[in-house]
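Line by line, the protein sequences are chains S and R.
For what it's worth, my numbering labels the leading residue of the first sequence as 50, then goes sequentially.
For what it's worth, my numbering labels the leading residue of the second sequence as 50, then goes sequentially.
Among the clues, some could well be false.
All copies of an identical chain are treated as equivalent in the list; a pair is satisfied when it fits inside any one copy or across any two copies.
[Stated by the list, open to error] Here are the simulated lysine to aspartate or glutamate pairs, EDC-like style, with alpha carbons at most 20 Å apart: (1) K213 x E223; (2) K184 x D503; (3) K119 x E176; (4) K460 x D278; (5) K373 x E509.
These aren't lab readings, by the way, just hints derived from the structure by calculation.
2 protein chains.
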Amino acid sequence: MESEREQESISKTADLTELVIAALSHLASSRLATEHQPFVPSEHSPSDLRRELGIALAEHGSSLEELVHKLERILAATPSSSSRRFFNQLFGGRDPAGLLAEMLTPLANSSMYTYKVAGPAVLIEREVIARALQKLGYLEGEGMFSPGGSLSNLTAMLIARNEKLGDVRETGLEGRGQRLTVYLSDQGHYSIRKSAGMLGLGRNNVRLVPTDANGSMDRAAARHLIERDRRGGATPFMLVATTGTTVLGAFDPITELADLAREFDMWLHVDGAFGGSVMLCDEYRHLIEGAGRSDSFTWNAHKMMGVPLSCSMLLVSRRGLLRKHLDEPAEYLFQSDDTDLDPGRRSIQCGRRNDALKLWAAWQLHGDAGFARRIERQFAVARRFTSMIENDPELILAKPPQSINVCFRVKGKSSRDICTLLDRTGRLKIGFGTVDGRDVIRMVCVNPDVAERDLRTVLEEIKSAAAELPPTSDAPAG
Amino acid sequence: MESEREQESISKTADLTELVIAALSHLASSRLATEHQPFVPSEHSPSDLRRELGIALAEHGSSLEELVHKLERILAATPSSSSRRFFNQLFGGRDPAGLLAEMLTPLANSSMYTYKVAGPAVLIEREVIARALQKLGYLEGEGMFSPGGSLSNLTAMLIARNEKLGDVRETGLEGRGQRLTVYLSDQGHYSIRKSAGMLGLGRNNVRLVPTDANGSMDRAAARHLIERDRRGGATPFMLVATTGTTVLGAFDPITELADLAREFDMWLHVDGAFGGSVMLCDEYRHLIEGAGRSDSFTWNAHKMMGVPLSCSMLLVSRRGLLRKHLDEPAEYLFQSDDTDLDPGRRSIQCGRRNDALKLWAAWQLHGDAGFARRIERQFAVARRFTSMIENDPELILAKPPQSINVCFRVKGKSSRDICTLLDRTGRLKIGFGTVDGRDVIRMVCVNPDVAERDLRTVLEEIKSAAAELPPTSDAPAG
């Protein structure tokens, strides 16, 4: 190791980093200029695409110029979730402040376990969590970021399980003679079943409660299942209310479910990954009325709030719960006296990227007021789209929307085939789902920047794809 | 919703996004210009810092200019893990290609569950996983990204548990009459105990196996514990080899542990989160000899390979295991026929950010050969630093390093107090650990760009801090 050679190596790296920033501007401009065009159609097989884009890795490296050129082509071939032809998921669009902060995040590359390493990034994370707790109505709560809604839900189930079973964290689930059961609507997210499997509770012990005509959990049906399980010797321990279901965007009645949970001494978790954002908007907060009475709440700000993936938090109603169930001693890591400042002690993760900065930046730019307006606009877009469906004789609305998902179908045509054709020809990214036994097209109005003409484009593309397809029976499947 | 107003709103957002790219260049330059200076000392209380940096959120938003100004001050106050005064963690430095790709990631904002949504990003992820499998020697393996080493280890334990217990995923752990036990060296990572708690196995069922004089797991001691547990009626099911322990950077003998695992019909997991990268370097691959005989392997490319946080994968030796234990039906989401192209079916996550692009970009730029050289340089830096310690009469080397962590102490001074003083005065980020009952300073030579003069600076700062502190006893702690 010679110091001259080393100095050379250092300046080379520094130069390279400056070049990277220049390359970034070029690539970003190139991407932004094209992303509202129709998507690149999936006409190539994945193996052809891999070859054409030069994805293969090799023994010897390339120049930065070659890499930038490859990245440009790859970006051009990657579907843009910010496009106004992207309605396939519960996220879409792009918040400029969120984007800026997310692009800065790897520059600092803070790992969010200790204040010693992350400094003000810890304070920023605390700020957004505190603001969310306040909006939600958890007056004595606390929260923590996790890498997605599935893992936030898992964390909630973990805490609920441990609170019910005492020393299970130390001694395990075996030999307790207690079978724990969980209740979730049949429109709820699959992560609850998945988490039950992971946590050792068993997926068979998750009950899917029927939903009413609006797609919300039927409280009487939930009570019936809980009572039946109790008679059968099980221990019902957790009720999951979904606010914003994946297909219909339906909201479960939290206040009623809170009464039920109290009656049966169950943990009430709210999966607000999608719809929980209405906590930020006076006009729609009533959809989660009673949320302050729940025990835990999952919120993904990368969905309705439009910040980049991923930005999920688990909020719990009582301070101290996270540390109680997640802290693990690691002296080589946690070296400060003020353990409250080391978020690693309240997380399911150890090393952890900063997912809070992007939400903080968007919240700074827009304020509470701007965040509320964003949600109002999403609902306005959904209302407008709904009335376009209702006024079109070729289209049938599946159900009056409770929030911003609009489910509908084209008379006598397969929703599944329409969506697949639109995807394969690069015209539109939109998904299908099942409502009351029928396949439907699911339009998610989560991007507040779409205009009337974008909505018209969506319907034109859908009807034109439908016209290319053979007629199918209009009867419900199965 | 009026179309003219909407069009206005769209162009405003587009303009804003262009502004964001300009702001980013400014902020990045500002950051890069200052980050090799000594750190901002932690002289302010966190609440003062919060106020001075204007972190509070408010009812009304700010202008983009104000936000950029705040971000600039926040970045300046955030410790840089790329600084040549940062040796506090198992990551450090900055790879330019990794940085570029990570900054592009939120522009595409792909969620990595389906090919429909993520397109070529899925192919890129497959490429880096395939290359890692090949380097590791898993000829029939598969792999998946997870949001960090802790969760990769958890996923390995989940699969091992489920493989041992058959239908546990469906029916849960209760009522089986089997108590599963896990074996890990006493220098292994805390996530194994934490995961045992989460998965319902119980933290008490994790055995910490004593280590030998080098800090590697003592195989005879492991056998003794396994046999004792079997006699006691437990089911030993998992042996964890650590390659690159957190404090000493020690490597467990995989080949010997593979024999032991086979003898007792146990799952052999390798926690290579830190040291697993030696798979990429002919000169040091012998440290993980036998890895191809293990059942699963955790590898974090955000540590030795220097790509931004987080970049962790779990590799398993047999194709089909991930899907078998992680797939959960979700028809609204997984809509393609070729399910092998939907990585969401093999992940603990649902929505998932693209953590693969940054590793792919770095690998493209450097090639296998460049990656190997990076590791050689880290070892060379560690050797040079070790000899500087050995040649300094004031300093005592704790143990000859097996890899790139160099643990030492200053004669008659508290390692803990030295590190704390260096942190509080902004001179150096470096951590302490415990070796053979004594506190030591742990220098992690993971940044290949540090030069001889940086190493001298480290020792000068440490000795100058030591000189400011009172003498302590040199005897090991109680």
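Next item on the list: Any hints from earlier that this structure breaks? Give me their numbers in increasing order, please.
Entry: Hints 2, 4, 5 contradicted; others consistent.
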